[in-house]
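Chemist: Given chain A, work out where chain B should sit, using these hints.
2 protein chains.
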Amino acid sequence: MQRILASTGLLNFCRFPKQVRYFSQHFKPQTHKVSVKRNSNIGLSVNKMATKFNREQLESLLKHRFFFAPAFDIYGGVSGLYDYGPPGCALQANIVDVWRKHFVLEEDMLELDTTMLTPYEVLKTSGHVDKFADWMCRDLKSGEIFRADHLVEEVIEARLKGDRIARGKKDEPAAKTDKKKKNRKKKVKEIKAVKLDDETVKEFEIILAKIDGYTGQQLGEIMEKYKIGNPVTGNPLEKPQEFNLMFQTNIGPSGQLKGYLRPETAQGQFLNFEKLLEYNNEKMPFASAVIGKSFRNEISPRSGLLRVREFMMAEIEHFVDPENKAHPKFHTVKDLKLSFLSREVQEAGKTEPLQMTLGEAVEKHIVENETLAYFLGRIYLFLIKIGIDPARFRFRQHMANEMAHYASDCWDGELKTSYGWIECVGCADRSAYDLTVHSRKTGEKLCVRQTLAEPKIVKEYDCEIDKRKFGPKFRKDSPKVTEWLQSRSQAELEELSKELAENQKIVTKDISGIAAEEVEIPGDFVKIEKKKKTVHVREYIPNVIEPSFGIGRIIYCLYEHSFWCRPEDTARAVLSFKPLVAPTKVLLVPLSNNAKLQPVVKEVEQQLKQVQIPFKVDDSSASIGKRYARNDELGTPFGITIDFDSLKDQSVTLRERDSTKQVRGSIKEIIGAIRNITYFGEKWDEGVKNLKEFEGQSED
Amino acid sequence: MQRILASTGLLNFCRFPKQVRYFSQHFKPQTHKVSVKRNSNIGLSVNKMATKFNREQLESLLKHRFFFAPAFDIYGGVSGLYDYGPPGCALQANIVDVWRKHFVLEEDMLELDTTMLTPYEVLKTSGHVDKFADWMCRDLKSGEIFRADHLVEEVIEARLKGDRIARGKKDEPAAKTDKKKKNRKKKVKEIKAVKLDDETVKEFEIILAKIDGYTGQQLGEIMEKYKIGNPVTGNPLEKPQEFNLMFQTNIGPSGQLKGYLRPETAQGQFLNFEKLLEYNNEKMPFASAVIGKSFRNEISPRSGLLRVREFMMAEIEHFVDPENKAHPKFHTVKDLKLSFLSREVQEAGKTEPLQMTLGEAVEKHIVENETLAYFLGRIYLFLIKIGIDPARFRFRQHMANEMAHYASDCWDGELKTSYGWIECVGCADRSAYDLTVHSRKTGEKLCVRQTLAEPKIVKEYDCEIDKRKFGPKFRKDSPKVTEWLQSRSQAELEELSKELAENQKIVTKDISGIAAEEVEIPGDFVKIEKKKKTVHVREYIPNVIEPSFGIGRIIYCLYEHSFWCRPEDTARAVLSFKPLVAPTKVLLVPLSNNAKLQPVVKEVEQQLKQVQIPFKVDDSSASIGKRYARNDELGTPFGITIDFDSLKDQSVTLRERDSTKQVRGSIKEIIGAIRNITYFGEKWDEGVKNLKEFEGQSED
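Going down the list, the protein sequences come from chains A and B.
If you're matching positions, the first sequence starts at 1 in the numbering used here and goes up one per residue.
If you're matching positions, the second sequence starts at 701 in the numbering used here and goes up one per residue.
Don't read these hints as lab results, they were simulated from the structure.
One or more hints might be untrue.
[As the list claims (entries may be wrong)] Under the rule of at most 16 Å between Cα atoms (straight-line distance), these lysine to aspartate or glutamate pairs were calculated in the EDC-like manner:
| hint | chain 1 | residue 1 | chain 2 | residue 2 |
| --- | --- | --- | --- | --- |
| 1 | A | K609 | B | E807 |
| 2 | A | K210 | A | E157 |
| 3 | B | K1231 | B | E1160 |
| 4 | B | K1316 | A | E107 |
| 5 | B | K925 | B | E899 |
| 6 | A | K283 | B | D1318 |
| 7 | B | K1302 | A | D108 |
| 8 | B | K1316 | A | E106 |
| 9 | B | K910 | B | E1047 |
| 10 | A | K689 | A | E669 |
Bound conformation, chain A alone (with noise of 0.2 Å):
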């Protein structure tokens, strides 16, 4: 097998963050403009102007409402581990619970829950253990490492930049590729004002262009022609060495057992494919699906919640004939209209995707066949279900270099974000691969077997034996050997019939639980030729179409599509969650600490339980205004206020948190507004329309 690493997209979407370097010179950040409706998507006309992105502001805001902090940070933190403070963690269990309902539910997948710590043998025989690492170069003296790729690639683009300084050229693409460095630490501290000549500048950009295709050795090549050495102290590094990106330990008191925290949930579901497809009734095609923590033992993670050691996957594995890719509920989604950027768009150097629906993308062979580009709009229709914005995602093809070791073709998700294009979710055809793999490392068939309507003569290679010849030639190791040959596939019998042409005789070493080392068979112990055969039962391997969610990565790009300012106070800033997914639906605001509004507030939050509304109440001093702006932050949808003419006819007041609208009526009636367009998809102004406008209370 061919050597791939991890860094050159070796898994289909955690190798963050590809799109930034291919990209990142055509994205113009920070300049996109947000417009509350398009995300708010309760469906009120509130067309504000937009205001700009500011990162920082997002940032400060989720770290102090506790959307996520870097973990042990009273310790001094671990690079790339954070935990999920309260918001954060309700925002992640409700998009779970959106995905499982979506698909599990909907598609009727079959869910497991495998475990992380993983045997040796398994990641072995995955191709993990030999190919899932990166390249890392070490300072032989300070002993700090450097994550190879990245650091040829920040030193160039450094240099480069000191050449348009000293050239007296605006600096426009260095500063625009910069940006997306703005959370990574630096490596290159000062950019120095020196002149290159022009062919070390072309060198340089093909370098660039190239850079996420290059083996350790081509990196060690260029890292010593071009002298590139520790950035702060100068110091020469070592060569570029393999990192494995997992985590290792020893499982049990022997140490003799050695495993790896699972990089990803895949293999746990191949692995149980026999049982999952008994379990199925032997019906194909069919799914399953893991919701769960994989790891990933990163270098140096530079880029907040998007490139984190420990983190939250969603992936589906989706068995079907490789005969019949065909989908039967294909017709639901083959007239939504997506974007498309394609291998052949990228290889002809262009980066405006295609704009068309999935049926004519099947059609034109844009997406190879009906189940993957299913699985395309389930995807698309997920993240629009949780409130990505459609305007900001794509479909890009992996270019074939780029491919994971056991995919035939992989189309990310992308969503833009001030960092640019990040994948968040893979789509890949794993083909047959896996389960090939282990079947052929375990010896038990992982296949499915197809009564066939009608018998079929085929002709097949039938490899006849000499029973009586193997007993006193292999004595106990007899039985092995006849197993070994009469388990032999398709293309292994036409192997070894030429084999037995050329040498009148088979010799192997891949029977294994045998004493001998190497077997040989002589030619007229066995007779291998193609025969007529009637055929009852079709016997295959099936190919695996894997959508795989990065939900971490989902929820940074959900904040970035949900964050805005009032434009009439860029302080006050607002995390326009849809109300299906939102941490809390609810806020309850009592307008005064008065005792007699009590009976009342205790009456609303007892029928929010009723229906199982996630609510809080705010009942602290602070204005009614200030309490708002606190939960427009918490992205919280919908808030209740009691106030005094609430004790007189048990009215109460909504509001809602993009337009700040406000409308009145009964708790029953207002309760029941907010459940229907939390769970059941009505819009605000279909949900209020019998409620009263309201304009009483003003929020300063």
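Modeler: Chain B alone, transformed into the frame defined by chain A:
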């Protein structure tokens, strides 16, 4: 700190199965009767004859229906690691969902999602690096490893059994004791009939009674004295050595940042205390919660789902003022009558729990305070809500020598199974232990500042510093030294004042972040004495009440409590899950494959989806009875049959799993009844009161 081992009660719930050991003599295995009515809680009067519980039959069902399977099965499996298949996974998700609603939402807790990877420093401080261990001993010849306490126990039990045989006694007690180890691979393969002298018999009985309390050295002495070696080969064993139960790994590429997989979720909550308090607007008391996986590298896990290396926990840390442990909602649980196996009862050698209300338990000081008691009540209500049999539940208080190093009191919620009483929930008072140690280690104040209603005059140690002298002597360390002095607690100031009085100086190595290793503060630099002070703010470190749930263990117990066989045919097993937690709520069964039935099936599907009720369709050609039998095993509470009459009037049949009773009504009526029974707590009779009884189809 005293050295206390994991196996002697370090952690409040996962040192399984202590209770099996304590009470196995008193537990009569496999004789409890299973009453359908008690478990189903759909409220049907199904007083069919109880059948005997058969663990083998249950386990075979659980594996066959893929509730769970050994992880990496096709690779031979890894002990202590299991995957949950679709029904097990759905059951777990539903239980977690109920847990989240019952605790996080109803109690307004602050849920976090914290990382599993945990750096060494944190777990060193918490005490886990030093104390979270079991004793193991190794056969130096074969390499085999034994858990010391288990080995001693088993060998001594075998010898006592041999003695009884030699004495011609009926082997009563031993037979019972053995039941508990049915699932352990036996270390002692054969029992030799050797008579022991009376003295030894007595000594052995004492050892068995104390087996959980021995240190490694004591276990070693016992092994030496009674010549306990490898029971199969007779080889001598190495002395017991500590084996830390945490999985170790390295974070980052340098290999210098040692880390562990968390053994509990609690630490991540403690470390976030300050942020949580701020998020809660500085209000006390409050609780945080985490639902997630934890890991323990058991020496040789052998009790199926009850002792595993990777498991789902749900933990609450309730932070409370140590001077006020009243709970405002205690009245809501105070009349619950529960079983308490208190410390006193156990010390008196009894096993009959006290029966009383939570109110009485607090009054009589059996449960120490209202907050602890409140959570005991909530734990009980949660378990009943998900279908645990109240008759097989009790709370058992930890013995003084059994508690974890951080706990000042602990009650276990124990569930009775065929393995004995299993601790499934721990409810510990962790006092201020964790916040104190982390605060001391990091220098961060993890405390609450409470503005007093009225200023208080107190006599307190005060530290007066002659600042002019500090600068010249300590130079740039001066601020750190000053800060250190000023941040001492009252107890520490008392110590320092004594030191000053004795030595006229303070010598310390405790000041972190300065150049000098040791600092000497002369007596004339500082004055520490008691002074009257007016205090406006009270500062305190909260105590922590920790309800901690082992979700996997609860699930196993729920399997046992829900399992029974139809008396008319004991091969027909049923899992009587409550509809609320059942993996699938409804099975759709078209009477035949006739295409005419399809539109009605689709219509039912559509309506079920609309109200988000999880269902499955079984349109296989098996008989109706077979299809229902399959789903009884999966615990699906309802079946909807579509027959040819459905074509006439769109009516369908609803079947209840436990009673197999059937009623008939329109699709809308039937789905309404399912919804009310599943999610709104209605009993069957109530839910279907407007529907006609139906006796059309037989199940055979």
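Chemist: For which of the previously enumerated hints does the structure constitute a violation, in increasing order of number?
Modeler: As far as the earlier hints go, not one is violated by this structure.
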